[in-house]
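*Asks:* One-letter residues, chain by chain:
2 protein chains.
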Amino acid sequence: MARTGRRPGAGGTRDKILAAARTQFGRHGYEGATIRGIATAARVDPRLVLHYFDSKDGVFEAALELPFDPAAALPPLLAAGVDGLGIRLARFFVDVWDSPSGTRLHAMLRSIVASESAATRMRDFATREILGRVAEALELDHPRLRASLAASQLIGVAMLRYVVKVEPLASAPAAEVAEWVGPTLQRYFTEPTATHRRRRPSPGR
Amino acid sequence: MARTGRRPGAGGTRDKILAAARTQFGRHGYEGATIRGIATAARVDPRLVLHYFDSKDGVFEAALELPFDPAAALPPLLAAGVDGLGIRLARFFVDVWDSPSGTRLHAMLRSIVASESAATRMRDFATREILGRVAEALELDHPRLRASLAASQLIGVAMLRYVVKVEPLASAPAAEVAEWVGPTLQRYFTEPTATHRRRRPSPGR
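Those protein sequence lines, which keep their order, are chains A and B. Every letter in the first sequence is one number past the one before it in my numbering, and letter 94, counting from 1, is 106. Every letter in the second sequence is one number past the one before it in my numbering, and letter 127, counting from 1, is 139.
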C-alpha cells in the first residue's frame, strides 16, 4: 500500500514539498527557484528535498505531475534515428493520453490555458526537456521550428480528441490516429524547406 | 461611433439578448434552446431577437463571439476545390488569429478548456458549421475524420503559437507557418487511407 520506492508514511512531507515547489516555481520561475528556497517554504531540510526528488528538475517535474518523465521516455524513442520517428512519437503520445493517467495531462492543459504563469512554466520546461531533445535528434535546418510544429500537431490532437471530444477523432482507435498523425510529424522532421532548397550550395561551390 | 448595421443606442437590448442566449444555450444545448426561450429570458419580443440576429444560428454565433462567420468565410475558400485547400485554410486561420480579433479566439479557447459545457457547445457548432462544410468538400473516404484531423493541426498551432507562445513558432511569420501547415491539411484531405487502398475492389470485381 506504500508509495513505490519511497519510505511508507512520508506522503505528508513529500506533498508539503511539492506544494511549496509549485508556489516557488510560480513566483520565481524555473531559473529563479532553488532547492533551498523550496525547502525553507516547506520547512524541511534541503537534503530531504533531494532525497525525494534527486534534483531541481526532479522536483519541477513532480510538481507538474506529468505522467511520464521526458528524460527517461524520449531517449529510447530518439535513439533509433529520424527514420520512423514521427510514428514512434505519435504512438507514444496517443498511448499516454489514452492511459488512465491521461486525465493528469487534461488537468495540465487546463491550467496552461487558464493561467499565463502556468503557460510560461510549462513552456520553459517543454522547450528544454521535450522540444530541445527532439530538435537535437533532427538533421535539417530549423530543428526547433520543426520540433514545435510537430508538438503543435500533437497538442491539437489532445485538444480535439480528449478535451473538446470532436467525433470521429475522439472515438477513433489509438493506432489509427497514430497512423494519420505520424507522417505529419515525420514531414516536419524531414521535409527540406523552400529556403533550404533555394540556398543549398550547388555541387560546384 | 454606432455599431455597424444596427440602430444606434440599442446596444443594451442586444447585449441583454446575448447574455440570455448564453444562459439558454448553456442550459439546454443548441438543439434545446429556442428563439422564444431566449426572448423570454431577455424580456423582449421574439421578433426583436430575429431583428438583431436573423436566426437561432445567428444568435448562437454572436453569443460565441467568433471573429468570423463560417457560413460567409468558408464557401469562398471551399469553392475553388480540394486543390490547394490546405494552404488556403491555413492562411485564413493564421491571418484571423494574427489579427486584433484573435484575442477573442484566445478567450474562446480558454472557456472551452475550462468548461465542459462550453466545450460541448463549441463542439456542436464547429462540427456543424466548420467541419461539416469542409467534410462535404472532400472527395475521399472518412471525410469527417479527415476534417477533424485538419482542425486538430490548426487548433494545435493556436495553442502553441498564441496561448503557450512556444518559440520559434510564436514569432515565425504568418506566411511561413501557413506554408508548413498547409501541406499537412492537404495530406489529411487527399491522402488515400491504408484501409481505402486495401479494400478498394480490384478492377476484375
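No lab work stands behind these hints, which were simulated from the structure alone. A few of these clues could be false.
Intra- or inter-copy, both count: the list cannot distinguish identical chains.
No more than 25 Å apart at the CA atoms, straight line, and that leaves these computed lysine to any residue pairs for SDA-like [said to hold, decoys possible]:
| no. | residue 1 | residue 2 |
| --- | --- | --- |
| 1 | Lys28 | Ala92 |
| 2 | Lys28 | Ser129 |
| 3 | Lys177 | Val56 |
| 4 | Lys177 | Arg122 |
| 5 | Lys68 | Glu179 |
| 6 | Lys177 | Gly144 |
| 7 | Lys68 | Ser123 |
| 8 | Lys28 | Ser183 |
*Asks:* With 25 Å as the alpha-carbon cut-off, assign the pair Lys177 and Arg122 to within, between, both or neither.
*Replies:* Intra 15 Å, inter 16 Å, cutoff 25 Å: intra and inter.
*Asks:* Could you figure out if Lys28 and Ala92 sit no more than 25 Å apart (CA to CA) within one copy, between two copies, both or neither?
*Replies:* Classified as neither: same-chain Cα gap 40 Å, cross-chain 60 Å, threshold 25 Å.
*Asks:* Can you give me the call for Lys68 and Ser123, within, between, both or neither, at a CA distance of at most 25 Å?
*Replies:* within (21 Å within a copy, 33 Å between copies)
*Asks:* Go through the copies and call it for Lys68 and Glu179: within, between, both or neither, with a Cα cutoff of 25 Å.
*Replies:* between (41 Å within a copy, 23 Å between copies)
*Asks:* Since the copies are identical, ignore which copy is meant and state whether Lys28 and Ser183 lie within 25 Å (CA to CA) inside a copy, between copies, both or neither.
*Replies:* neither (39 Å within a copy, 38 Å between copies)
*Asks:* Go through the copies and call it for Lys28 and Ser129: within, between, both or neither, with a Cα cutoff of 25 Å.
*Replies:* within (21 Å within a copy, 34 Å between copies)
*Asks:* Which holds for Lys177 with Val56 at a C-alpha limit of 25 Å: within a copy, between copies, both or neither?
*Replies:* neither (43 Å within a copy, 35 Å between copies)
*Asks:* If the cut is 25 Å between Cα atoms, do Lys177 and Gly144 qualify within a copy, between copies, both or neither?
*Replies:* between (30 Å within a copy, 15 Å between copies)
Of the numbered hints given earlier, the model fails hints 1, 3, 8; all others are met.
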